[in-house]
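Chain order of the listed sequences is A and B.
Here my numbering is used: the first residue of the first sequence is 1, the next is one more, and so on.
Here my numbering is used: the first residue of the second sequence is 1, the next is one more, and so on.
If you are wondering where the hints come from, they were derived from the structure by calculation, not from laboratory data.
Honestly, I wouldn't trust all of these hints.
Identical copies look the same in the list; a pair holds intra-copy or inter-copy alike.
[As the list claims (entries may be wrong)] Listed next, the in silico DSS-like pairs over lysine-lysine satisfying Cα-Cα at most 30 Å (straight line):
(1) 23 / 159
(2) 166 / 204
(3) 13 / 159
(4) 167 / 13
(5) 13 / 121
(6) 159 / 121
(7) 204 / 13
(8) 159 / 142
(9) 103 / 121
(10) 121 / 166
(11) 166 / 83
(12) 171 / 13
(13) 159 / 106
(14) 204 / 167
(15) 167 / 142
(16) 23 / 13
(17) 142 / 13
These figures come from a predicted structure and were not determined experimentally.
2 protein chains.
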Amino acid sequence: MKKREKISEAVIKRLPIYYHCLKWLENDGITRVSSNIISGMLNVTASQVRQDFSNFGEFGQQGYGYDVAFLKNQIAAILGLDKRYNVIVIGAGRIGEALASYKGFKNEGFDFIAAFDIDTKGRDMIGDVPLYHYDKLEEFAKDNRIDIAVIAIPAESCKEVAAFIKKLDIKSIWNFAPVFLYMGEDIAVENINMSESLFMLVYKANNLIKEK
Amino acid sequence: MKKREKISEAVIKRLPIYYHCLKWLENDGITRVSSNIISGMLNVTASQVRQDFSNFGEFGQQGYGYDVAFLKNQIAAILGLDKRYNVIVIGAGRIGEALASYKGFKNEGFDFIAAFDIDTKGRDMIGDVPLYHYDKLEEFAKDNRIDIAVIAIPAESCKEVAAFIKKLDIKSIWNFAPVFLYMGEDIAVENINMSESLFMLVYKANNLIKEK
Chain A
1 MKKREKISEA VIKRLPIYYH CLKWLENDGI TRVSSNIISG MLNVTASQVR
51 QDFSNFGEFG QQGYGYDVAF LKNQIAAILG LDKRYNVIVI GAGRIGEALA
101 SYKGFKNEGF DFIAAFDIDT KGRDMIGDVP LYHYDKLEEF AKDNRIDIAV
151 IAIPAESCKE VAAFIKKLDI KSIWNFAPVF LYMGEDIAVE NINMSESLFM
201 LVYKANNLIK EK
Chain B
1 MKKREKISEA VIKRLPIYYH CLKWLENDGI TRVSSNIISG MLNVTASQVR
51 QDFSNFGEFG QQGYGYDVAF LKNQIAAILG LDKRYNVIVI GAGRIGEALA
101 SYKGFKNEGF DFIAAFDIDT KGRDMIGDVP LYHYDKLEEF AKDNRIDIAV
151 IAIPAESCKE VAAFIKKLDI KSIWNFAPVF LYMGEDIAVE NINMSESLFM
201 LVYKANNLIK EK
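With the hints as extra help, turn the sequences into a complete structure.
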């Protein structure tokens with residue numbers, strides 16, 4: 001993976017989208033694809049697609065296109081999706097529950113191994129995932145490798161829980177609390193705000209109507 | 001809004017992120033901000049921030065920064081967030097339920113006015129949102145303005161439901177089904193795949209560890 005250092009941040013941000021697009025194509029039994037098709041699916045220009053894909057050691061052939069499986073595997077390796085990751089969910093409310101019980105993540109390499117809440121409401125499972133009292137988290141972290149912690153709790157407790165995650169030496173936080181979390185250089189954070197994609201949708205729709 | 005035509009697609013994609021960042025700052029009582037602070041929060045270079053913001057008729061002053069409220073309102077107007085939108089949810093499973101009952105959307109201008117499912121399981125509300133049988137959707141659409149339909153159903157039925165949404169003349173689809181939906185030029189679609197941000201998180205974490 002010597003190439004990795006050369007790939008710019010802007011390209012890296014498009015990799016997850018390309019990866020999914022290639023997976024969709026593969027699931028539909030498509031083995032080769034043109035930059036024009038990918039451009040149409042993803043709202044990226046065809047020349048941008050060609051330029052980006054040239055980073056992964058794959059060059060499309062005129063009238064023949066790109067090898068879907070090859071590209072998908074190259075991108076998976078760059079992103080680190082050739083490994084599996086252990087995930088815990090903190091907060092067993094509606095969002096935590098939806099995430100813990102979503103079956104699709106396993107297929108992508110993410111194993112949801114436990115969920116935690118300060119009030120388990122008498123439940124001991126969410127779908128197939130064991131649910132424990134939050135007090136058990138420290139002990140659980142000693143006995144299990146945890147790659148990613150999902151925060152799905154109200155804003156008030158978010159920073160306190162994040163500090164505890166750091167203490168447990170967990171290196172990645174997927175944050176669904178409506179708080180912008182920044183943990184310095186030691187911990188990777190993705191702050192999720194569902195509204196952002198709603199905003200984009202509204203913009204697209206308003207511009208559709210105007211074009212008529 | 002004469003400026004709109006000049007703003008490139010690449011900049012538009014960053015607007016929802018800037019908008020949220022500015023809202024966070026505003027909520028924290030911050031009235032002016034430097035491009036460096038925004039750069040640090042958002043993983044965008046400071047020069048990119050300055051270049052982007054120059055599109056919205058706002059130029060930062062050396063040692064004084066940008067006016068948070070002014071910028072936020074400019075971006076809201078470009079995105080169309082100075083209006084309110086009526087939203088329905090199709091599918092009252094875990095994801096549909098989490099979305100319909102999330103209180104934050106109202107604050108962003110999105111009113112979730114109804115949810116529909118082929119099996120309501122005896123419920124008539126999800127949180128504050130009325131839940132109806134899917135058979136009632138056509139009638140409901142005659143009596144109510146629907147701006148956005150959220151699809152939160154399994155993959156199998158997604159395309160059929162999307163075709164029905166089109167027939168009802170709803171112009172925007174927020175798709176959570178694990179299917180890539182493309183509806184042509186008449187309907188705006190945002191296909192949500194939660195795994196994409198997990199992929200990005202994994203990439204960030206792998207690169208943190210490598211840098212050590």
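Verification of the hints:
1. For a Cα distance limit of 30 Å, the shortest separation of residue 23 from residue 159 across copies, 18 Å, qualifies, whereas the shortest one inside one copy, 36 Å, does not.
2. Within a single copy, residue 166 and residue 204 get their C-alpha atoms only as close as 39 Å, which misses the 30 Å cut-off; across copies the closest is 16 Å, which meets it.
3. For a Cα distance limit of 30 Å, the shortest separation of residue 13 from residue 159 qualifies both inside one copy, at 26 Å, and across copies, at 28 Å.
4. Proximity of residue 167 and residue 13 under a CA criterion of 30 Å is satisfied intra-copy only: 29 Å inside one chain copy versus 35 Å between copies.
5. Proximity of residue 13 and residue 121 under a CA criterion of 30 Å is satisfied in neither setting, with 39 Å inside one chain copy and 41 Å between copies.
6. In this assembly of identical chains, residue 159 and residue 121 lie within 30 Å of each other by CA distance solely inside one copy; the values are 24 Å within and 37 Å between copies.
7. Proximity of residue 204 and residue 13 under a CA criterion of 30 Å is satisfied in both settings, with 21 Å inside one chain copy and 11 Å between copies.
8. For the homomeric pair residue 159 and residue 142, the shortest alpha-carbon distance inside one copy (22 Å) is at most 30 Å, but the shortest distance between copies (46 Å) is not.
9. With identical chains, the CA atoms of residue 103 and residue 121 are at most 30 Å apart both within one copy (23 Å) and between copies (22 Å).
10. Taking identical chains as interchangeable, the C-alpha atoms of residue 121 and residue 166 lie at most 30 Å apart only when both belong to the same chain, with a minimum of 27 Å there against 41 Å between chains.
11. Taking identical chains as interchangeable, the C-alpha atoms of residue 166 and residue 83 lie at most 30 Å apart only when both belong to the same chain, with a minimum of 22 Å there against 40 Å between chains.
12. Taking the shortest alpha-carbon separations for residue 171 and residue 13, both the intra-copy value of 20 Å and the inter-copy value of 28 Å come in at or below 30 Å.
13. When the C-alpha separation of residue 159 and residue 106 is checked against a cutoff of 30 Å, the pair qualifies both within a copy, at 28 Å, and between copies, at 24 Å.
14. Within a single copy, residue 204 and residue 167 get their C-alpha atoms only as close as 42 Å, which misses the 30 Å cut-off; across copies the closest is 19 Å, which meets it.
15. In the homo-oligomer, the alpha carbons of residue 167 and residue 142 lie at most 30 Å apart inside one protomer (12 Å), although the nearest pairing across protomers, at 55 Å, exceeds that limit.
16. For a Cα distance limit of 30 Å, the shortest separation of residue 23 from residue 13 qualifies both inside one copy, at 17 Å, and across copies, at 23 Å.
17. Taking identical chains as interchangeable, the C-alpha atoms of residue 142 and residue 13 are never at most 30 Å apart, the minima being 33 Å within one chain and 41 Å between chains.
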